[in-house]
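The hints should help you fit chains B and C onto chain A, whose structure is shown.
Chains as they are written, first to last, in the working numbering: chain A, 1 to 269; chain B, 1 to 317; chain C, 1 to 233.
No lab work stands behind these hints, which were simulated from the structure alone. A hint or two may mislead.
To be verified - So the derived label-pair ranges between C-beta atoms look like this:
1) C:R197 <-> A:V195: 39 to 49 Å
2) A:D85 <-> C:A139: 46 to 56 Å
3) C:S125 <-> A:G82: 31 to 41 Å
4) A:P92 <-> B:P204: 23 to 33 Å
5) A:G192 <-> C:L126: 26 to 36 Å
6) A:S37 <-> C:E9: 24 to 34 Å
7) A:G154 <-> B:P204: 29 to 39 Å
What the hints assert, rightly or not - Derived coverage of chain C by chain A (criterion: at least 3 residues anywhere in the stretch with Cβ under 8 Å from a Cβ of chain A; other residues may be distant):
8) 13 to 22
9) 83 to 92
What the hints assert, rightly or not - In silico contact screen, one side only, chain C against chain A (beta carbon under 7 Å); selected entries:
10) P107
11) R108
12) I109
Using N, Cα and C, we set each Cβ at its ideal position, and we do this for glycine too.
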Amino acid sequence: MNAMAQNAHKAIEATPLLRVDGLTKWYGHVVGCRDVSFEIRPGEVLGIVGESGSGKTTVLNCISGRLPPSAGQVEFDTSRFGPADIYGLSEPDRRRMQREEWGFVHQNPRDGLRMRASGGANVAEPLMNLGGRHYGKMRAATIEWLERVELDIGRIDDKPRHFSGGMQQRIQVARNLIHGPRLVFMDEPTGGLDVSVQARLLDLLRELVRDLGLAVIIVTHDMAVARLMADRLMVMKSGYVVETGLTDQVLDDPQHPYSQLLVSSVLQI
Amino acid sequence: MSSGSNTQGSNRTGRYYNYAYLDEQTKRMIRRTILKALAIPGYQVPFGSREMPVPYGWGTGGIQLTAAIIGPDDVYKCIDQGADDTTNAVSIRRFFAQVADVAVTEETAEATIIQTRHRIPEKPLKEGQILVFQVPQPEPLRGLEPRETETRAMHAYEEYGLQYVSLYESVSAYGYIANTVGYPTMIEERYLMSPSPIPKFDNPKLGDNEAILLFGAGREKRIYAVPPYTRVRSLDFEDYPFETQTWEENCALCGAEDSYLDEVILDDAGERMFVCSDSCFCAERRASGHVGTMGDHALAHLEGGPPAVASPVAEPA
Amino acid sequence: MTSPLIIVEDLAKTFVLHNADGAAIPVFERLTLEVASGECVVLAGESGVGKSTLMRSIFGNYLPTQGAVRVLHDDAYLDITRAQPHQVIDVRRRTLGYVSQFLRVIPRIPTLRLVMEPLLENGVSLEEARARAETLLAALRLPRAHWDLPPATFSGGEQQRVNIARSFIRNYPVMLLDEPTASLDAENRAIVVQLIRQALDRGAAMIGIFHDHDVRDAVATRLFSVSEFKAAA
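If we strip away everything but chain A, and leave its shape as in the complex, we get (with noise of 0.2 Å):
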């Protein structure tokens, strides 16, 4: 009960791992997006939705260091420098804190692969850019990643593309958290899946998250895979944020007219 209690408290009492404010992107003269502003805490996750165009893949590229934005700070609660722009880092500094802080799973495995590595090999890289140079610690905790997210062992040493895509995925989600990351961004990372297929990966994820105590950023558009995954989410359109509140509240009870529509088309079954 003690320990329930504290790990509770940690959710509310953390300060913000990552603050974005004022965020604003521009192509030439077409918006990415516009004034995005929010936090992130430790052991939260953060849904993205919105339709094609609406400014959400802008948004995660420009927080997670892949895109400069035209204006706007993003701040993260770097170990080795405390709370810092992520642009005002340098190069190296930002780099490197992306390798040992962040994770980012993509939609397509073939973006988050080095697909002329084997699978396991893929796994073990995050912890040789770390600085592993011991082959027997890396394969074993290679292997014990591989064990969580449910992968033949006896696979281990095939490429990528010799497995499902299923598979390829649960691959980019273990090299993604092994090395143990603090916030990991993930751009639909069911989108190209099954549906059987989906709901199993989502369910591990989940569970990952729980354990980890992961702060996640999930773009998608797929309003039942935000449900299942986001603690809450921000509705994007044209560039611009129109909402955000918990995930629940916003799906069930939407207040902006463009939320209404989304969540109003999504088909039943």
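Below, chains B and C without anything else, positioned relative to chain A:
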């Protein structure tokens, strides 16, 4: 590098090509590149690689390096897979004999410039010698990271974890680090460097070498260098340390126990022998009386002495 | 009298349908309610009067138009309607439980895992969570053969019991019960009544909607008429 005093004379009127084939401005550009490469050991310096009279992949990088540093007083040796008598080595040696008026040799100790593909001579090099490597792919990270922008950033920020991925895969597949050629090295604990496709047997010779080691990649337009007495470390894991190849056999011709051996198939019945890949080294040992188990084999008598010092070649018609 | 665990103050809810020419549908207004420890307040009023809307507004699922919902959480009142999402999540994790009529879970997850999940979220060990889930599922008489199956193919009553197990496995100080016995037979209703009474004896405060009069009479400490606060259309 010879003094330039003779260069002028060598550029005599009527010569079809400029001395050493390349024009003087190109040679200066390459020399500046070499100086930069020597100043930042292991760093790949871009240079304006020229079209050469041989195709890419035939050693255009090495030929351009040699052309930029050679002078009439130099003694030139060229080896391919350790041997002086292979087609490529013979052709390149003739090329420089023709365009640079240099003496050529097969004797490692006599040469001032040794151009090489795939080997470092067995006989230790001395101060004053320059070893020129022909490099097909200068970027050790290329196999796993196709983006040049990304590999440049990795070098700039010393992000070399990726290089261990190839070693990891090797241990996973074979139970030991099975990579045998182009085995990645760290230069002065700063730059990751491909030693060109030399066997890892030769990697230890890269470190603390008395000679200047120059690497040229013509197609990839990169030059890099290891100055004399530089620390060179072959990458490895704590639990899988770097090891060089060893053979159970000795050289069948000269009996050498410590040289890099080539396997030679002798007939369709599977008869074979192991011989030194360094033909000069092997010949010298035999000349001083060392004999292997097949010392009287015909192969031992193929080589004549070193070819006569080439005389200036007649102008092309 | 001890301080109430939940205070609803001057609450109003109007739905605005932007995609239907901005039609406004008022539900209730100026609604005030307090519930203390050990109380089970049953919401009364005909169908469509806004009982479920009130429950959902208290849970933070619906966003009230006006007013406050204060929940005693860590010895302080927190207004659910204005709290930050992470605060609401924390309140729901430890203080405020909700049993709905519908089971909404990730497909293809075994029932036992689903019931353990709320405990795992609060850091309870795997062994303890399993033991408590098994005890509860046994008490709710869900056949043991079902435990390792996902509930998607279960009957309505069985799904309802899984839902109840997921809620009662934690001892929430405040519970919202939205027709938890709707599709249950008499025997199972009696078991749920027993669970509710145990929770009340423990000191929980409850707000419920029960269409079944037997259940209502068995657990209600008082009735609360939502229709009194009906908003003018």
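Structure-based check of all given hints:
For R197 (chain C) and V195 (chain A), the hinted distance range of 39 to 49 Å is satisfied, since their beta carbons lie about 42 Å from each other. Between D85 (chain A) and A139 (chain C) the CB atoms are about 55 Å apart, so this pair conforms to the stated range of 46 to 56 Å. About 34 Å separates the C-beta atoms of S125 (chain C) and G82 (chain A), a value consistent with the hinted range of 31 to 41 Å. Between P92 (chain A) and P204 (chain B) the Cβ separation comes to about 31 Å, which falls inside the hinted range of 23 to 33 Å.
Hint check: G192 (chain A) to L126 (chain C), Cβ distance near 32 Å, so the stated range 26 to 36 Å holds. In this structure the hint that S37 (chain A) and E9 (chain C) lie 24 to 34 Å apart at CB holds, the actual value being about 30 Å. The given range of 29 to 39 Å is respected by G154 (chain A) and P204 (chain B), whose C-beta atoms sit roughly 38 Å from each other. Counting residues of the stretch 13 to 22 of chain C whose CB falls under 8 Å from any CB of chain A gives 5; the rule of at least 3 is met.
With a threshold of 8 Å between beta carbons, the proposed coverage of the stretch 83 to 92 of chain C by chain A holds, since 6 of its residues qualify and at least three are required. With a cut of 7 Å, the hint placing P107 (chain C) at the interface with chain A holds, because the nearest CB-to-CB distance is about 4 Å. Because the closest C-beta pair between R108 (chain C) and chain A is about 5 Å apart, less than 7 Å, the hint holds. Using the Cβ-Cβ criterion of 7 Å, the hint placing I109 (chain C) at the interface with chain A is satisfied: the shortest such distance is roughly 6 Å.
Violated hints: none; the structure is consistent with every hint.
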